[in-house]
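Turn these sequences into a full structure, and let the hints guide you.
There are 2 protein chains.
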Amino acid sequence: MTDTTTLLNDLTHLLGERGLVREPEAMARYTSDWAGDSLGMPLAVARPATTADVAEVAKRCYEQDIAMTPQGGHSGLVAGALPAASGQELVISLERLNSVRAIDPVNFTITVDAGCILENVKLAAAEHDCDFPLSLGAQGSCQIGGNIATNAGGLNVLRYGMMRELVLGLEVVLPDGRVWEGLDALHKDNRGYDLQQLFLGSEGTLGIVTGAVLKLSPRLTQNRTALLGLPSVQAVIDLYGLARRDCCDLLTAFELIPRRCIELAIEATPELRDPLESAYPWYVLMEVAATGPIDLSAMLEQLLEKGMEREWVLDGALASSDTQSAQLWQFRESMLEGQRRRGEHLRTDISVPISALPDFVTQASETVMAASPECEIIAYGHVGDGNLHFNILPPMAMADSEKKAHLHDLEERLFDVLDDFHGSISAEHGIGRTKQAPYLARLSPLERELVQGVKTLFDPKGLMNPGRILPAGD
Amino acid sequence: MTDTTTLLNDLTHLLGERGLVREPEAMARYTSDWAGDSLGMPLAVARPATTADVAEVAKRCYEQDIAMTPQGGHSGLVAGALPAASGQELVISLERLNSVRAIDPVNFTITVDAGCILENVKLAAAEHDCDFPLSLGAQGSCQIGGNIATNAGGLNVLRYGMMRELVLGLEVVLPDGRVWEGLDALHKDNRGYDLQQLFLGSEGTLGIVTGAVLKLSPRLTQNRTALLGLPSVQAVIDLYGLARRDCCDLLTAFELIPRRCIELAIEATPELRDPLESAYPWYVLMEVAATGPIDLSAMLEQLLEKGMEREWVLDGALASSDTQSAQLWQFRESMLEGQRRRGEHLRTDISVPISALPDFVTQASETVMAASPECEIIAYGHVGDGNLHFNILPPMAMADSEKKAHLHDLEERLFDVLDDFHGSISAEHGIGRTKQAPYLARLSPLERELVQGVKTLFDPKGLMNPGRILPAGD
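In the order they appear, the protein sequences are chains Y and E. Those letters in the first sequence? Residues 1 to 474, per full-length UniProt numbering, in order. Those letters in the second sequence? Residues 1 to 474, per full-length UniProt numbering, in order.
Simulated from the structure, these hints should not be mistaken for laboratory data. Do not take every clue at face value.
[Claimed, not checked] In the DSBU-like style, the derived pairs of lysine-lysine whose C-alpha atoms are separated by at most 35 Å in a straight line are:
(1) Y/59 to E/403
(2) E/59 to Y/461
(3) E/59 to Y/215
(4) Y/306 to E/461
(5) E/122 to E/59
(6) Y/122 to E/461
(7) Y/461 to E/306
[Stated by the list, open to error] Partial pick of chain E residues on the chain Y-facing surface, computed with a CB cut under 10 Å:
(8) 26
(9) 35
(10) 187
(11) 246
(12) 431
(13) 450
[Unchecked claim] Derived Cβ-Cβ restraints for the label pairs, each shown as a range:
(14) Y/221 to E/330: 31 to 41 Å
(15) E/311 to Y/119: 49 to 59 Å
(16) E/322 to Y/413: 50 to 60 Å
(17) Y/298 to E/373: 53 to 63 Å
(18) Y/302 to E/326: 43 to 53 Å
From the three backbone atoms N, C-alpha and C, an ideal C-beta is built for every residue, glycine too.
This is the structure in C-alpha cells:
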C-alpha cells in the first residue's frame with residue numbers, strides 16, 4: 001500500500017464516504033470547466049464540509065507533499081482550478097461548505113462559506129432588502145470562494161468595483177493547514193499590512209478561502225435600460241463621460257457592442273429583430289438603477305437628448321418596462337451564443353485606459369486584419385472599465401487543424417499592440433495556466449522576484465495550486 | 001571622517017545643497033508632526049526631486065545600513081513618519097517631488113508625484129470638471145504619498161472608499177533602491193498577485209511611494225447639508241439605513257455628534273448659536289451630493305419626514321445655501337477646536353460593525369465612567385464606517401502629571417470592551433509607533449509570522465522606517 005493510498009484512506013476516514021470521491025466516473029465532473037477544458041484526473045476529490053476539515057485535509061497533504069487544487073464552481077476561464085495532467089493533485093472542492101453564516105443588514109454585511117453559490121448569496125441579501133452587487137453570467141454556478149480567488153469582475157464593476165472592493169473579511173486555510181482568521185465585519189480597519197488583499201486574486205495559489213464577510217448595498221428598486229446606435233468608438237467614449245456626469249454615477253452597465261454582435265445575436269435568436277430602424281457601426285447597452293425618489297426616465301431622456309444634439313447618439317431604444325429591458329439584454333446574451341456557434345475562436349480579456357479605447361480598437365483591428373484578412377473581429381466590452389473582449393473568429397475557409405496556431409499567432413500580434421497602450425493581457429479572468437506564457441513574458445525580473453517571494457512566504461513547499469500564475473516548482 | 005559623514009557628503013553632491021538639510025535648525029520642521037509629537041533629530045534630511053534621486057538615496061543608505069524615514073506632510077497621528085530618537089535615521093522628504101505628471105479626464109485618472117499636496121490634486125482635477133474625492137482635515141498640507149502609505153480615510157469614505165479604492169497604480173522605490181514600476185492607469189487588471197495592495201497602508205515600511213495613478217470622479221455640482229437632533233445612537237443607526245436607501249447612496253457624509261460636542265463647539269466659537277431649538281442627546285450632520293438632474297432637496301425632505309414619523313429624528317435644520325451649509329459644518333470643526341483647548345486628552349480611532357455602535361457606545365461609556373467618574377467622554381465619528389473617535393477628557397481636577405497614566409489606563413479598558421465587539425483599535429490612523437503595543441498584543445502568532453515575512457521580503461535589512469508597525473530589528 002503506497003503512502004498515497006494511506007493518505008486517501010485516512011481522508012475517507014476523516015471526511016466520510018461522501019467526503020472523498022475516488023471513482024473515475026464520479027470524479028469526471030471535477031476535471032473540466034465551463035470552457036470545456038480538461039487536463040487529467042486528480043488523485044481524488046476531497047469534499048470537506050467544515051473549515052476544520054479543509055484545514056485537516058491541507059495539513060495532511062502538506063505533510064506528505066501532495067499538491068492541492070482548490071475548486072469552486074468550475075466557471076473559470078484560464079484553467080486555474082483544473083487538476084493537472086500529472087494525476088498527482090488532490091482536488092479540494094468547497095461545494096459542501098455552502099452556508100450563509102450570518103447576515104447583518106444594519107451593517108450591510110453578509111458572512112458566508114466560500115462554497116456558497118453567488119446567486120444564493122444574492123437571494124439571501126435580497127430577503128433583507130439588500131443586494132450583493134457582483135453580477136456574472138455564471139452567477140448560478142460560480143462560488144464566492146472562486147470569485148475571491150479570481151477577484152471577479154462582471155457587469156457591475158463600473159458602479160460597485162471588483163470583488164476586492166466587496167470583501168471586508170476572509171478566513172483562509174494556508175497550505176500547511178493553519179487557519180488565517182480575518183473574518184472581521186469592519187468597514188474601516190487600518191491595522192498594519194492588509195494581508196487579505198494578497199489572497200484576493202491569488203487564484204488559490206496562497207491558500208484556500210473558506211469564509212468571507214461581504215459588503216452589501218441597499219437593494220435597487222428601479223432601473224432603466226437603453227440600447228443606442230453610435231457612429232464610432234470615440235462617440236461611445238464621449239457619451240460615457242457625459243453619462244457619468246448626467247446620470248450621477250448611477251450607471252450599472254455601459255456596454256460596447258459592435259454591429260457584428262447584433263448580427264450574431266439575430267443569427268442565434270432569429271425572433272430578435274434589429275433593435276433600431278437602421279444599422280449602426282457601434283451600439284451601447286446602458287442601464288441606470290436607483291433607490292429612492294429619483295426620476296431615472298427623465299435622467300436617461302436628458303442624456304439621450306444631449307447625446308443626439310452632439311451627434312454622438314444617432315438613434316436609441318429606451319425600455320419602458322422590465323420586459324422591454326430584458327429584450328434589450330437579450331442581444332448581449334444571444335451575441336455570446338452566436339459567437340459560440342461559430343466554433344473555435346480566440347477569446348481575450350484585455351484592458352486599456354478608457355481614453356485609449358478608440359485608437360486601440362483601430363490599431364489592433366488593422367494589425368489583426370493585415371495578418372489575417374479573412375478573419376472576423378468581435379470586440380465588445382465594459383467601457384467604464386476599459387475592458388474589451390477583443391475576440392477573433394478564424395477565416396471560415398480555414399481548416400480546423402490550422403485554426404489553433406493561427407489564432408495564437410493573432411493573439412501575440414494583438415498583445416504586442418496592447419503593450420504599446422500599456423494595457424493588461426488579463427483584465428478580469430486572471431492568469432491560471434492559459435495566460436501564463438504572455439504574463440511571464442511581460443514580468444520584470446524585480447516583479448518576478450517579489451511575486452515568487454510572496455508565493456514562497458505562504459506556500460514554501462509549492463503545494464497549493466502549483467503551476468497556476470507561476471510555473472510549478474519555480 | 002566617518003562613513004556617515006562620507007555618505008552625507010555624497011548625498012549633498014548628488015542632490016545639491018537644497019537637496020540635503022544638515023543644520024539642526026533647518027531640520028527642526030522635519031522632526032514633529034501635526035499632533036506636536038517629536039522624538040529626536042535625524043542624521044539629515046534628504047529632499048530628492050526625482051524618482052531617480054529617491055532611488056539613488058535609498059541605494060546608498062541600503063549599502064551602508066542607514067535607516068530611512070520616508071516623510072510626507074507631517075499630518076500623521078501615530079508618530080509613523082517622525083525620525084527616531086536614535087538620531088541615526090535619514091529622513092527622506094518627498095516634498096520636492098510634487099508635480100502632477102498627467103491628467104486624463106476621459107479615463108478619470110490623474111498621475112501624480114507622491115509629494116503632491118492633496119488639495120493641489122483636488123484643484124488639478126477640478127480644472128477638468130473632475131474631483132479627487134479624498135477629503136481630510138489636513139488636505140491643505142498632507143501629501144498623496146502619505147495618504148497612500150496610511151491608506152487614508154476621512155469624511156467621504158462612505159461614498160468613495162478609503163485611499164486603497166482610489167489608487168489604480170503606484171511607483172515605489174524599494175529599500176535597496178530598485179524601482180517597482182506599477183503606474184498603470186487601468187481600471188481593471190487581474191494579472192497575478194496585486195503587490196500594490198501591500199504598499200497601501202504599509203506606513204512606509206516596505207518602500208517609498210514616489211508616484212501614483214489616482215481614480216477621479218465627476219465633479220459634484222450640487223449638495224445639501226442637514227443637522228438633525230436624535231434621541232439615541234440606535235435612532236442614528238436606524239436613520240442611516242433609511243438614508244442609504246432613500247438617498248440612493250448619494251450620501252457623502254453621515255457624522256455622529258454627541259450633545260457635548262455641540263457645547264464644545266459653542267465654547268470654542270461663541271458666535272455659534274445652538275443649532276436647533278432644543279438640545280438633543282445626539283446629532284447627525286449629513287450631506288448628500290450629486291451631479292445631473294436630481295432633486296436633492298426633495299430627497300432630503302422626504303428622508304426627514306419619514307425619520308420624524310418614526311421618531312428617529314426629533315428636529316432638524318436643512319441648509320438652503322452654501323453659507324448655511326458651511327455654518328453647519330462649522331460645528332464639526334469648532335468641536336475639534338473645543339476639544340483641543342481642553343488640553344491633554346485621549347484620542348482614539350476605533351471601529352466596530354455599524355450595527356454594534358449603540359451597544360458599544362453604551363458599554364464602553366459605562367466601563368470608562370466606572371473607572372473614572374469625573375472624566376468626560378466625547379464620542380463622535382463616521383457612522384457609515386462604524387468608525388468612532390471615542391475620546392476622553394481627563395477629570396478637570398486631575399493634576400497634569402497624573403493625566404497620561406490615567407488616560408492610558410482608560411484606553412486599555414476601552415480596548416478590552418472593543419475586543420468583545422471584534423472591533424479595530426485603529427480604523428484609519430494606522431499603527432505607527434503609538435498604536436504598536438495594543439496592535440502587537442492582539443496579533444496572533446500566525447499573523448505576526450506572515451506580517452514579519454512580508455516585511456522581510458521587501459526589506460530584508462529592516463532599514464525602511466524601522467520600528468513602525470513592527471518593532472525594529474524584529
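We went through each hint and held it up to the structure:
no.: 1; hint: Y/59 to E/403; result: violated, 50 Å
no.: 2; hint: E/59 to Y/461; result: holds, 32 Å
no.: 3; hint: E/59 to Y/215; result: violated, 42 Å
no.: 4; hint: Y/306 to E/461; result: violated, 59 Å
no.: 5; hint: E/122 to E/59; result: holds, 33 Å
no.: 6; hint: Y/122 to E/461; result: violated, 47 Å
no.: 7; hint: Y/461 to E/306; result: violated, 59 Å
no.: 8; hint: 26; result: violated, 32 Å
no.: 9; hint: 35; result: violated, 17 Å
no.: 10; hint: 187; result: holds, 5 Å
no.: 11; hint: 246; result: holds, 4 Å
no.: 12; hint: 431; result: holds, 5 Å
no.: 13; hint: 450; result: holds, 6 Å
no.: 14; hint: Y/221 to E/330: 31 to 41 Å; result: holds, 36 Å
no.: 15; hint: E/311 to Y/119: 49 to 59 Å; result: violated, 38 Å
no.: 16; hint: E/322 to Y/413: 50 to 60 Å; result: holds, 55 Å
no.: 17; hint: Y/298 to E/373: 53 to 63 Å; result: holds, 58 Å
no.: 18; hint: Y/302 to E/326: 43 to 53 Å; result: violated, 30 Å
Checked against the numbered hints above, the structure breaks hints 1, 3, 4, 6, 7, 8, 9, 15, 18 and satisfies the rest.
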